[in-house]
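**Q** Generate coordinates for the entire structure from the input sequences, incorporating the hints supplied.
Each chain, letter by letter, is given below.
2 protein chains.
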Amino acid sequence: MFSAKALRMMLKIEGDNSVNRITFVSVAAAFLASLLTFAPYVSGHTDEKASQNYEGKIPAGYRDWKLISVAHEAGNLNDIRAILGNDVAIKAYREEKLPFPDGAIIARLAWKYVPSEENNKVFGSEQSFVAGSPTNVQFMVKDSKRYTATGGWGFSQFTNGKPVNEAEPETCFRCHEPAKARDFIFTHYAP
Amino acid sequence: MFSAKALRMMLKIEGDNSVNRITFVSVAAAFLASLLTFAPYVSGHTDEKASQNYEGKIPAGYRDWKLISVAHEAGNLNDIRAILGNDVAIKAYREEKLPFPDGAIIARLAWKYVPSEENNKVFGSEQSFVAGSPTNVQFMVKDSKRYTATGGWGFSQFTNGKPVNEAEPETCFRCHEPAKARDFIFTHYAP
Chain A
699 MFSAKALRMM
709 LKIEGDNSVN
719 RITFVSVAAA
729 FLASLLTFAP
739 YVSGHTDEKA
749 SQNYEGKIPA
759 GYRDWKLISV
769 AHEAGNLNDI
779 RAILGNDVAI
789 KAYREEKLPF
799 PDGAIIARLA
809 WKYVPSEENN
819 KVFGSEQSFV
829 AGSPTNVQFM
839 VKDSKRYTAT
849 GGWGFSQFTN
859 GKPVNEAEPE
869 TCFRCHEPAK
879 ARDFIFTHYA
889 P
Chain B
699 MFSAKALRMM
709 LKIEGDNSVN
719 RITFVSVAAA
729 FLASLLTFAP
739 YVSGHTDEKA
749 SQNYEGKIPA
759 GYRDWKLISV
769 AHEAGNLNDI
779 RAILGNDVAI
789 KAYREEKLPF
799 PDGAIIARLA
809 WKYVPSEENN
819 KVFGSEQSFV
829 AGSPTNVQFM
839 VKDSKRYTAT
849 GGWGFSQFTN
859 GKPVNEAEPE
869 TCFRCHEPAK
879 ARDFIFTHYA
889 P
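Sequence order for the protein chains is A and B. Under my numbering, the letters of the first sequence match residues 699 to 889, in that order. Under my numbering, the letters of the second sequence match residues 699 to 889, in that order.
Careful, some of the hints might be misleading.
Copies of one chain are not kept apart here, so a pair can be met inside one copy or by any two copies together.
Said to hold, decoys possible - Within a straight-line C-alpha distance of at most 30 Å, the following computed DSBU-like cross-link-like pairs (lysine-lysine) qualify:
hint : residue 1 : residue 2
1    : 843       : 878
2    : 795       : 810
3    : 764       : 810
4    : 795       : 764
5    : 819       : 795
6    : 819       : 789
Think of the hints as simulated: they come from the structure by calculation, not from any bench.
**A** And the structure:
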């Protein structure tokens, strides 16, 4: 789908693989087929102007954020996922406030969807599916002044801590447009 | 599977449905088919002695806890779930410390497993499944002195904020026994 090698050349990544060491992404950072709940199969070109809409850094501490909901994508994605939110996003969800305020960040974590033989033994039935190895992490960052071209949201995706850049810069946003009435967010809060 | 009416008579529930108002459960509190990742189909009797091993209160603030992992149970359960941990549990998971220290609490939230027509439209494929209405919440509370008969863990389950009591009191524990090497916890931490 994309050339990791070319990507690395485009990106300025310092030091080791640590998330904190990825300090700056110069051109087109991390936005691929990176829809919050979606990762459609797209191809396209790099639009430098629009790509500046996207962040290249993983938001600090996202793995500690509170849960919004969970989902399973079958088909080619074949993953199981959790959607987390920072405090600003969670507060907006719980208070049902739309649009989301600036500062809200929503994270979509995904892992391979794998059967659990251990669990199935206990259940006595082939019914249990769990999270395997991580696939990628996607973010939507709300900044209504910065991301004017994409509904006020910046989109990014990371695999193994590295930003992933692919396809048309507004691809993420276009797929989110059907959820315009909910500020372009598909995921509902799971009580 | 159980008589909600009989259960309510056994339980002392004050006031409204609010979680905080459920203050005390006298005899057999909340432990049903309430395995952390499991809810097998059991039948049995109430064992008063063993049932005292179980808590009847929902741990405060559990919906804000950090994510351990996610799972899908097909079959009769047909749910999608998230496993959360309080800070003690999360710390033990991340440091890979076993057994879990006293004070660790693990929560298993589950929701109906429902297809998302909205998501499928965007994907152009019948592939998306999300969390529907909540089914129940289960807890494992580590207290090695209190829950000596069940591996140091107390088990409980709540539906609509009310404790659910069913079947043999050690049912939960027996199903968790195959995971003895991991302190009776099946769920692995999802990075």
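**Q** Give a verdict on every hint.
**A** Verification of the hints:
Taking the shortest Cα distances, residue 843 and residue 878 sit within 30 Å of each other inside one copy (17 Å), while across copies they are farther apart (53 Å). In this assembly of identical chains, the alpha carbons of residue 795 and residue 810 lie at most 30 Å apart only when taken from different copies (25 Å versus 32 Å within one copy). In this assembly of identical chains, residue 764 and residue 810 lie within 30 Å of each other by CA distance both inside one copy and across copies; the values are 21 Å within and 20 Å between. Taking the shortest alpha-carbon separations for residue 795 and residue 764, both the intra-copy value of 17 Å and the inter-copy value of 23 Å come in at or below 30 Å.
In the homo-oligomer, the alpha carbons of residue 819 and residue 795 lie at most 30 Å apart only across protomers (25 Å), although the nearest pairing inside one protomer, at 44 Å, exceeds that limit. In this homomeric assembly, residue 819 and residue 789 come within 30 Å of each other (Cα to Cα) only across copies, at 29 Å, whereas the closest approach inside a single copy is 40 Å.
Violation of the numbered hints given earlier is absent; every hint is satisfied by the structure.
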